[in-house]
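Asker: Residue-level listing of the chains:
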Amino acid sequence: MNSYPLIRCQPRDSILGWDDGKHVSVDQFLADTFSLSQILPNATWILNLCDNRYRFLVGFAAALIKRQTNILPPNKTSKALQSIASQFPETYCLTDIESQENLGLPVLQYPSELKPVSKILDIPEIAASHVAAIAFTSGSTGTPQPHLKRWDSMVRIARNTGHRLIPENTKEVSIVATVPPQHMYGLETSIMLPLQHKGALHGGRPFFPIDIRDALETIPPDRILITTPMHLKACIESSVKFPKISLVISATAPLSRKLAENAERLLDTQIFEIYGCTEAGSLATRQTTKSNVWKLLNEINLTGNNDQCYIEATYLPEPIKLPDIIKNCENGLFELQGRSADLINIGGKRASLRELNYHLNEIKKVEDGAYFVPPQNDHDHKRLIAFVVANELREEDILQALRQYLDPVFLPRPIYFVDHLPRNSSGKLTRESLLETFSQYF
Amino acid sequence: MAGLTAFELEVAYLMVENLNLSVSPEDVEPNKPLFENGLGLDSIDALELSLAISQRYGLEIRSDDKNIKQLFFSLRNLSKYIQENK
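Keeping their order, the protein sequence lines are chains Z and H.
Take 0 as the starting number for the first sequence in numbering that gives the first Met the number 0 and just add one per residue.
Take 0 as the starting number for the second sequence in numbering that gives the first Met the number 0 and just add one per residue.
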């Protein structure tokens with residue numbers, strides 16, 4: 000197919016979402032999108048930082064019909080945004096937050112009132128090959144690596160995910176998501192699912208358990224909650240009572256079987272995990288309480304085994320190597336046996352150890368430094384640790400420098416100042432030798 | 000000593016214990032920001048801290064509260080909020 004519609008055909012008066020509590024029909028969404036597209040600047044790339052999910056959706060769609068590409072920033076640190084601005088010149092930013100700090104990019108404020116459109120609009124077609132979005136993985140040299148997302152791949156993944164998780168005969172589906180739409184998982188589930196499968200999206204991004212409850216209470220069943228293990232854990236540990244949730248979707252970090260069982264029991268729901276990566280998008284699902292085995296989405300093939308696994312899909316221009324260690328069970332099934340040692344996941348956010356070490360060692364007056372992942376059974380250290388050789392720096396100086404590049408969850412806690420790192424004769428630093436240094440402190 | 004009231008010290012203990020901070024509770028400066036440049040807390044901490052507050056004081060924190068930034072701004076603000084609403 001050479002194109003796919005912006006929104007898969009559904010009754011024009013059906014509800015597509017709620018913007019600040021007001022429901023929005025498909026017709027209204029098309030009018031809002033058309034109206035916003037009229038005032039978007041002529042540019043190639045748009046950084047859509049809208050906080051309200053419905054407004055993000057309108058910005059995303061308006062950019063598509065103007066043949067622009069949505070940039071999904073790896074994090075919102077000043078250096079990450081600057082790096083994007085230099086890689087993608089003439090990027091502009093769309094925002095619905097008033098007191099936006101200066102990003103060094105032209106800013107378009109999302110209008111408080113969009114100009115009404117009187118005519119009935121056709122559903123726009125978007126070219127299959129159009130690059131709808133660019134997502135980033137952390138590069139080892141500190142520069143985020145872009146991954147191009149063609150419109151056809153986003154549509155196929157959304158339809159295949161919807162087909163797997165939300166039965167066609169489900170009448171009405173409403174979606175609340177705790178993940179930002181600027182994140183690949185958030186985009187695929189909370190934006191693309193309503194556009195290409197079914198579902199009406201709640202405009203908010205609830206954070207605390209009681210926010211999630213409030214959001215769920217304002218929308219009708221069948222309710223879907225799109226979230227992460229971190230938020231799920233907070234929900235079941237809180238004393239908040241939730242309305243009936245038909246389906247919980249979890250991703251970004253592995254969900255333990257115990258947490259999944261507790262959550263299914265306490266919330267009287269079903270929890271499905273999605274496995275995916277930034278390079279290839281959503282790839283497989285499983286109901287954690289029922290199976291350890293992941294089932295690939297339609298149209299996807301897995302080849303290879305262990306740490307040499309590749310994903311092939313009709314919508315991917317070339318095979319993509321997976322960053323994980325996998326037992327290929329054939330027939331579209333696999334087990335996840337571990338992450339590559341270089342990948343770090345803190346609260347669902349990902350970075351590579353190489354990237355973190357790069358930024359640490361780039362700091363002026365740091366003579367040598369290494370991040371260290373504390374042993375799993377160490378409950379006193381839930382974050383990363385850093386060993387640093389730097390006579391003239393204080394902990395605050397190092398944190399201040401790292402903060403410009405890294406999401407705060409990757410800041411070391413604590414930093415240990417040492418005379419030297421336990422490098423071997425060839426200058427290599429092994430995890431074993433760092434473990435020994437670590438044990439000297441505890 | 001950073002000049003904490005008894006209740007502020009109690010909240011500082013709750014924070015340091017639950018979030019594994021390397022600072023000692025007595026040394027938390029009451030007016031210093033909790034997030035970013037101050038104590039360096041982040042979104043994971045916010046969630047954990049809200050749970051600890053809910054378990055200890057039966058108070059649920061909302062992010063749509065217009066004063067959320069104010070409320071989490073410093074130990075003093077947070078303690079005042081808990082004391083007034085628990």
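A portion of the hints provided could be inaccurate.
Under the rule of at most 30 Å between Cα atoms (straight-line distance), these lysine-lysine pairs were calculated in the DSS-like manner [as the list claims (entries may be wrong)]: (1) H:Lys68 x Z:Lys381; (2) H:Lys31 x Z:Lys78; (3) H:Lys31 x Z:Lys364; (4) Z:Lys427 x H:Lys79; (5) H:Lys79 x Z:Lys78; (6) H:Lys31 x Z:Lys363; (7) Z:Lys21 x H:Lys68; (8) H:Lys79 x Z:Lys381; (9) Z:Lys381 x H:Lys85.
The set of hints was computed from the structure by calculation and includes no laboratory data.
Note that this is a predicted model, so its numbers are computed, not measured.
Asker: For every hint, state whether the structure bears it out.
Answerer: Hints and how they fare:
{"no.": "1", "hint": "H:Lys68 x Z:Lys381", "verdict": "holds (25 Å)"}
{"no.": "2", "hint": "H:Lys31 x Z:Lys78", "verdict": "holds (25 Å)"}
{"no.": "3", "hint": "H:Lys31 x Z:Lys364", "verdict": "holds (27 Å)"}
{"no.": "4", "hint": "Z:Lys427 x H:Lys79", "verdict": "violated (51 Å)"}
{"no.": "5", "hint": "H:Lys79 x Z:Lys78", "verdict": "violated (35 Å)"}
{"no.": "6", "hint": "H:Lys31 x Z:Lys363", "verdict": "holds (26 Å)"}
{"no.": "7", "hint": "Z:Lys21 x H:Lys68", "verdict": "holds (26 Å)"}
{"no.": "8", "hint": "H:Lys79 x Z:Lys381", "verdict": "holds (28 Å)"}
{"no.": "9", "hint": "Z:Lys381 x H:Lys85", "verdict": "holds (29 Å)"}
The structure fails to meet hints 4, 5 from the earlier list, while all remaining hints are met.
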